[in-house]
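Chemist: Here are the chains, one letter per residue:
6 protein chains.
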Amino acid sequence: MTEARQDQDPYATAERLLGFPLPLALGPGEPDVGRDFMQLGVERTFGDVWSRPGLDLHSRCLISVTIAAVLGAPQPLGGQLKIALNNGVTKEEIVELFIHLQAYAGATRAVEGYHLAKAIFAERAA
Amino acid sequence: MTEARQDQDPYATAERLLGFPLPLALGPGEPDVGRDFMQLGVERTFGDVWSRPGLDLHSRCLISVTIAAVLGAPQPLGGQLKIALNNGVTKEEIVELFIHLQAYAGATRAVEGYHLAKAIFAERAA
Amino acid sequence: MTEARQDQDPYATAERLLGFPLPLALGPGEPDVGRDFMQLGVERTFGDVWSRPGLDLHSRCLISVTIAAVLGAPQPLGGQLKIALNNGVTKEEIVELFIHLQAYAGATRAVEGYHLAKAIFAERAA
Amino acid sequence: MTEARQDQDPYATAERLLGFPLPLALGPGEPDVGRDFMQLGVERTFGDVWSRPGLDLHSRCLISVTIAAVLGAPQPLGGQLKIALNNGVTKEEIVELFIHLQAYAGATRAVEGYHLAKAIFAERAA
Amino acid sequence: MTEARQDQDPYATAERLLGFPLPLALGPGEPDVGRDFMQLGVERTFGDVWSRPGLDLHSRCLISVTIAAVLGAPQPLGGQLKIALNNGVTKEEIVELFIHLQAYAGATRAVEGYHLAKAIFAERAA
Amino acid sequence: MTEARQDQDPYATAERLLGFPLPLALGPGEPDVGRDFMQLGVERTFGDVWSRPGLDLHSRCLISVTIAAVLGAPQPLGGQLKIALNNGVTKEEIVELFIHLQAYAGATRAVEGYHLAKAIFAERAA
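Chains as they are written, first to last, in the working numbering: chain A, 1 to 126; chain B, 1001 to 1126; chain C, 2001 to 2126; chain D, 3001 to 3126; chain E, 4001 to 4126; chain F, 5001 to 5126.
Please keep in mind that the hints were generated in silico from the structure rather than gathered at the bench. A hint or two may mislead.
Within a straight-line C-alpha distance of at most 30 Å, the following computed DSBU-like cross-link-like pairs (lysine-lysine) qualify [as the list claims (entries may be wrong)]:
1. Lys4118/E <-> Lys4082/E
2. Lys5118/F <-> Lys2082/C
3. Lys3118/D <-> Lys1118/B
4. Lys2118/C <-> Lys2082/C
One-sided and incomplete, this derived list gives chain C residues near chain F with beta-carbon spacing under 10 Å [unchecked claim]:
5. Gly2029
6. Val2033
7. Asp2036
8. Met2038
9. Gly2041
10. Arg2044
11. Ala2068
12. Leu2071
13. Pro2076
14. Asn2087
15. Thr2090
16. His2115
17. Leu2116
18. Ala2119
19. Ala2122
If you're wondering where the values come from, they're calculated on a predicted model, not measured in any experiment. Even glycine gets a Cβ: it sits at the ideal position worked out from N, Cα and C.
With the rest of the complex left out, here is chain A (with noise of 0.2 Å):
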């Protein structure tokens, strides 16, 4: 590849970007190979994109809040509202984030997501 390869250590970046350790034990009643779920997780996701350096960790954060934040999928979208949050990305940065997901992907999106991103803030706050 013409770009560093595959992050050396995916679980120290995702620590580094969540700011505390992913939780590794399986769930109760989970099976064992709920380990390679885990494991190819990490690695396609902190190990794979996150450490690359063709595209700032800015820009990555905000492409990652979109992906979310279009899909509708809350738990996802509050995990990289953290993550955006935690590395550089301003609260009023994350507002017009909504404000352009508005425009493009529509009202019922841009409530439901920033609804979210308004109990994370106040979260902060607290």
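Chain A is already provided as a structure; the job is to place chains B, C, D, E and F on it using the hints.
Modeler: Quick look at chains B, C, D, E and F alone, frame taken from chain A:
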């Protein structure tokens, strides 16, 4: 434009359709530019489209519910169902909408959305 | 059921709404069970919902166009636009639907779908 | 049709697959035509497709889980996961489905859906 | 509002971003109210969001491409890719966006969208 | 991991499943980092999931077709249909998949996808 330009008081239109005034205050931790999100949101929906004479209110209600139901967006869907029931769409017509939606958008979205409609029927029957 | 049960002749309903009879022959290489797909398809749409009296035809046309437009499904959207225009929905109402859709589902889907509507307007004007 | 026509007792099929009988009563405030929604819903899913012999039950379970997971529809997804686990799909196969889904539908939907699967594994392990 | 109000000349902004003026004439058979769809469309996108100072142009381009790519909307995606390449986003950054999209939105949307990006790269290389 | 780690030669797996080798050359105007998109794409799909033993090939084919059909992604859907037909899924099973999809994802996506399946049946019958 050939049609009436933008609604002069989208907040009044919102209140009329929803049955209550929209909350205008910023949430805790929400930056000032959050007022822009709210204002553009209200203008682009309640201001831009609901008062346009070229399509009747009953049809607009049905279209708005359909959009939220196809997207599977629970909070917006709840809001649109309430607007519809407040503004002349009967409960029977709502049920028919979900029967029609099931054929074209499938049981997954139809059942998910109808579950929410039933909760709103129950709330309004109490 | 409290409403009229399934349409007795969905193929006749389809022909009435579309303006032409549905092609019934299997395509080259299509297995015999393809007839089941066609038959269930016609029954579940034209049979199940269009003749139900609880929601008027005009509303059903608008709902069907909206579903296809929100999903961004070009071929079905073209079909629903033709059904709508054949059955009392005016071109002006179609334009209004896309203006409404833009607010709630965003410019991406609205512009994509309206482009198709314009092609159908042109086709019908020729 | 070349295949067995519609299931003669879709409510029995539903009960067999779900492990419990479907609730049939109308909810508070739900109009009578809500029975049509329920009846058509049961017929079009449990009646129309699950008993068709041309595709085995195991495959149908996986397809149904996949549809709900790609759409990101939590309540339907929970229902389909339970049907799958009740009817011969192993927990390991469910995990593999989400690993496969992550590659093709992305981490957003895969993580969101797998979170629900873990909750169901836990519920069934209690 | 705390930010600059709506762009004073959205048609000029559109032309600047696209590299060509938007066609304003109605299509054959298109009703007069089609001008409203065009005008509201231009105002709500080029007017409302692109000139807002709270989020830089580079980020707005990436967000717009992401929205269209997640939705799988080919014509809008082509337009946003051209706007991005016209306005400082490099081809390398576009490729990185699709690598990032693949992780979070999956190979289905990433491959579909990247295929279009390659066509635009080829067009611009000719 | 409890399962076989990543496929050692994803390009060989791709060729085996598709029936032809993947084109590896960059397109005109495509930057060098386009090789990373291709390589990660092949590794994350053909490498990561198809060879994992925990879910049989037949099921994986059906899941892949379902994902592309629910998303309404024509080019990927065509590719997955060909992989399925090349690898033991019968045409009859494909038809059954679309009948099942119609119930749960609706006629819009089912008809759109089945139209593509018919084109592939015709192509393979010629």
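Chemist: Which hint numbers does the structure go against, in order from smallest to largest?
Modeler: 14, 15, 16, 17, 18 and 19
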